[in-house]
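Engineer: If you want the building blocks of each chain, they are given just below.
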Amino acid sequence: MIHLRRLAMAGLAMVLAGCTASSGPGQASVMAGTWTYTGTRDTPNPASIDGSGTLAAADGGFEGTFTITERATSGSVVTLAATVAGSVVADSVADFDLAVQGVARRHVGVLRGDSVSGSWASAGSASNASGRFVLRRVRP
Amino acid sequence: MRAARAVLILAAVAACTDAPPPSLKRDLPPAGQAATPTRAQLPVRAAVMEARRGAPRSPMIPAQQAALQLLPAAIPTAPPTATHAARARRVPLRAGPTLTPSRGVSPPKTETWTTGTRTTPVVASAEPNSVRVVAIPVPAAVHGHAAGFQFEHQSDYPIFGRLEGTVTAEDAARPIALSITVPPDAPAGRAVVGIMHFSCAAGCDPVDVPVVLDVAAHYALRLDPARALSGARPDSRIRTAVAVTNTGNAPASVALTVQVPRDWTARLDPPQSLQLAAGASATVTAQVTISRHAGVGDYPVEFRAVTTSGGEPATAFSQVRVEAGPAGSPAGSPVLVANAAMAQDGQGQTLPAVSGDLNGEVWPGVRAVGHVAFMNRYAMRTTLAAQSFERLGASSARSYLRLDGRGWDAAAGNVGFTTPGVWGTSIWGTGGTFNAIDSAWKGSAVAVRSPFGGQYLLGRAAHHFDGFWGGAMVSDLRDDMGSGRMARTVAADMLVPWGQGAFELQAGGRSTDQASGAAFLASVAQRTHDWSFNASASHIPGGSAAFAGAQDAATVYAFRRLSGRLTAGAGYWRNSDPAASGHTGMQSTGWSVSPQVDLGSAGTLSIAATGSQWTTDVPLGSFGNADRDLRATWFGRLGPFQAQAGASGGTLQRSGALTSSVAYHTTAPQVMLFGSVGTENRAGVWELDASSAFTGEGVGVPARQLSVAGSVDQVPLIGNRVTGRARIMTAHLSGSNITSLTQMLGVEIGLGHGYSLGLDAERSDERRDLSGRPLWVMATRLRRVLGIPSAGSRALRGVVYADLNNNGQQDPGEPGVPSVIVDVAGHAVTTNGSGRFPFDPVRGAAPQVDPRSLAAGWIAAPSDADDASLRGALAVIPTTAVNVTLVVARGGSLDAAAVRLDRAVIVLTDSTGRRWTGAPSAAGLLHFDALPPGLYTVSADLSGVGERLSLPETLPTVRVDGGTRPIPVTLEVRPRAIKVFIPGGGGVTTIHTGNGGGSRPASGGGSGGGRR
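Chains H and L, in that order, give the protein sequences.
As numbered in the numbering used here, residues 287 to 426 make up the first sequence, in order.
As numbered in the numbering used here, residues 8 to 1019 make up the second sequence, in order.
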């Protein structure tokens, strides 16, 4: 049992050691504030997305919540809450997950002034999805 | 000296051949007694013996009686049972005036092994499953002498320490310490585990010190329901049985109770408490009356047994599946559930809806399943409102009707389906489908209008050639949303039976507005009871259309049962969906390895190691994720609760390579803990879930997440007519201090006459109105279950019957089997008291028996789609009997006449470790009846046969399946070498059992003093 425990500890140590091989994210505080979200879902079923939310610096990155509304071309409308967590890379790229109903959509966009524009994608066991987005800062 | 040695050997052999005293036979009743106990007291092995003596197999009318009669042989005897008896025989009590015979211990008897004067035994108390250290004082009679000593085992308990050696005159005051391992199933009471023999080379008489363990009583029970699942309708009665096994080490008085859902009643037969010897079993039947108000669903019937002497209570569940239908209506008649509902979505919109759910045979040979809903346009257009409506159980906005006719089925309305392969698509919308099949042809036609403006058309036909199906198809897919939204496919396909599975090949061409080319898919599937294998590869050109993405894919999955308790699965997949203009390409791979360990009564441990990664190409460049995870999950019971707990650890990796020369990757660990408990009893259904995750920085996941959810349902509030339900879920994300809360509250009020009223309200932070505020959604629903007079008994053309002679047809005397659940074209129906169920004999698909609803020891007869099963006649057959013959190998000096084979215990152990035991006849024959299908290892406990015999190194195995021809198995046993101690210089000698001069020295005689 002790032997197994040591093996488990060694395995955990290896896992944690592997975690250090990362390039750290840049400053995330630039993402703090209130943003509007405009985007599309291109696949599999087209829809337009808009919403807004607030981000705050947290644990080396940023976190927050958004409320988004998806309008499918079929006419259906759904408004959902989404959680956001991510980081800023090289002071110019915002990389974050926007989780909607348990599915994380990874967003990667270029930060230019008060906007972030880029693409998003999610890979699920059932289907993949992708689209585009633009974040715009709301000035108080 | 030689003469003394010979006498000793003879004495030892004589001791080995002593018949066990009568008191040890109580759990192996002689012929003539097995059939006499009452039904409740019938022990498992008695039933086996009854079968061995050629008792005819009981007819199966009704099924509950069959369960009663077959259950004793079919329910596994507690694993310790045989060993109890065996240990009892292994521990004959030697001469000793202070001992009182108890369970499993024989009375004193004349014994010629004894060579010295008996002294007062050393008695030590012990708990089962413990290690007891016993100090044996050196007898005063040998003090002052150099004496040898040796321990003679009288049991199979592992004993360590100074088993032999010498004591000098100086250290005679030091006791000899032995460490005795007491097994978990050691019989309660006093028993001699061995004798320490002391002898001197000269100057003193030999002395024997018996070592006695007084094992404490341990009380434990096990319950095995005869059926995992039974089918019923409201206001009907069923009988279900459970086998009670005393798995403790002492006789027990057992009190049994049964709990049923509210408004149900149950009566036990026999109602009184049971007296069970250790290892013995009895069968108890419960007659359950289902409430006339019972809704559709699976309901638990909980058996609970406890001994009056203490110990942990045992519980077991048997499910009752209640079919839709008004009280007292015949099985199979159509049912309409009507709903009238109102919902308030929190935005000032009231959504009225009227809906109905139809299920049943509306016309002879035509079964209908459908849902129709009428809502206002706002509800239909607003996904949020419709989903909220559905969440509260009010209704679904999707209306459809499906008809299953004679060799055909058709659906219309809101339909959706996913098809794999070169014409693969995932689509839903408004339209219709039609399928037809007979023994030579099958065809399909699909026309669906997508809500996104496109349509999907498909036509397919196939012919059954000699041994395989071959056909062709054509499809056309398009939508109205711009480029990349068109795909046309023309292909041929072939499905060939191969090995223990099938091989499928699809080949053709596909053209889209992105690309055109050849498309193919090849797949192979193999499956047996112990392993399965699936592999497929495909190439499908084109663009990432909305409904039919292009892909190059390969998948391999395999499953293998490695042993009785260990299974493992592994898989790999790779998928490439190339980028096309206007759309995002994605490549992904993944693997998994997932062993699973059956821990028996302690539950199941599932371990899964998984890895996956994906990358996508976007205008900015590319980015992707890579995750690895090792997860361990335990499933089991904690008292009355079903429980699950687990932990996982792994890494999440994010990478990006953007055209702006920014490249990065971030890796972070993630650890998760999760668990849930739930229970279902008269107080309702209660569940609690909790999970927590800790994640490193920079991978898009909050650092700390905690979620807790609790729910209750069917909680009686006012009598049993008003029940409540509630659900609360909260999630907390640390760092940003985000909390999400969902609350739901509802009641269900029984109004009588088939009416019920439901009131529900839900508020969720996850679902918001258009201004972003959390919604309060409320729904009121009035429901009535209506019987539709239609098909009546004419529809009951199917039958499930006991094919006692396994000839594939129902002969006179072969009864129908009630309360069996049958899958008819995807719909579960229940057989009535005559084994009948609604079915159209000329339908294309053969109905199938749900094996969980069969009594133990019975299986559905194998059939193919062309035989009687297509006509609705489903045979269930008893499993193959196994005839085990215990044979003693010839040769050596064994006295065959001294071998009492009828005192052996033959043990069959299945792949999950469950054991079936029985005593053979004097000729060594034993007939095992009604075993569940599976692979069994044949073994035996030979400790009571009177001679020292050993089992072969490789035990025979036998596979049990359906059939009437018994499978013969021979278990050959051989004489076993034993060691005897020869005082006064005889040393240790190895002999083989048998009277006379058959001994063969294995080690040389010592020079004296009992030294080896």
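Hints are computed from structural coordinates only; laboratory data are not their basis.
Incorrect hints may have been included.
Stated by the list, open to error - Sample of chain L residues with no beta-carbon within 10 Å of chain H, all distances over it, derived:
(1) G477
(2) S619
(3) Q651
(4) R661
(5) P709
Said to hold, decoys possible - Some but not every residue of chain H turned toward chain L, in silico, with C-beta under 10 Å:
(6) T351
(7) A371
(8) S373
(9) F382
(10) D383
(11) D400
(12) S405
(13) W406
(14) A409
(15) S416
(16) V420
(17) V424
Glycine included, each C-beta is placed from N, C-alpha and C at the ideal position.
Engineer: If a hint holds in the structure, say so; if it doesn't, say that too.
Structural biologist: Each hint, compared with the structure:
{"no.": "1", "hint": "G477", "result": "holds, 31 Å"}
{"no.": "2", "hint": "S619", "result": "violated, 8 Å"}
{"no.": "3", "hint": "Q651", "result": "holds, 18 Å"}
{"no.": "4", "hint": "R661", "result": "violated, 6 Å"}
{"no.": "5", "hint": "P709", "result": "violated, 5 Å"}
{"no.": "6", "hint": "T351", "result": "holds, 6 Å"}
{"no.": "7", "hint": "A371", "result": "holds, 5 Å"}
{"no.": "8", "hint": "S373", "result": "holds, 5 Å"}
{"no.": "9", "hint": "F382", "result": "holds, 6 Å"}
{"no.": "10", "hint": "D383", "result": "holds, 3 Å"}
{"no.": "11", "hint": "D400", "result": "violated, 18 Å"}
{"no.": "12", "hint": "S405", "result": "holds, 4 Å"}
{"no.": "13", "hint": "W406", "result": "holds, 9 Å"}
{"no.": "14", "hint": "A409", "result": "holds, 4 Å"}
{"no.": "15", "hint": "S416", "result": "holds, 4 Å"}
{"no.": "16", "hint": "V420", "result": "violated, 13 Å"}
{"no.": "17", "hint": "V424", "result": "violated, 14 Å"}
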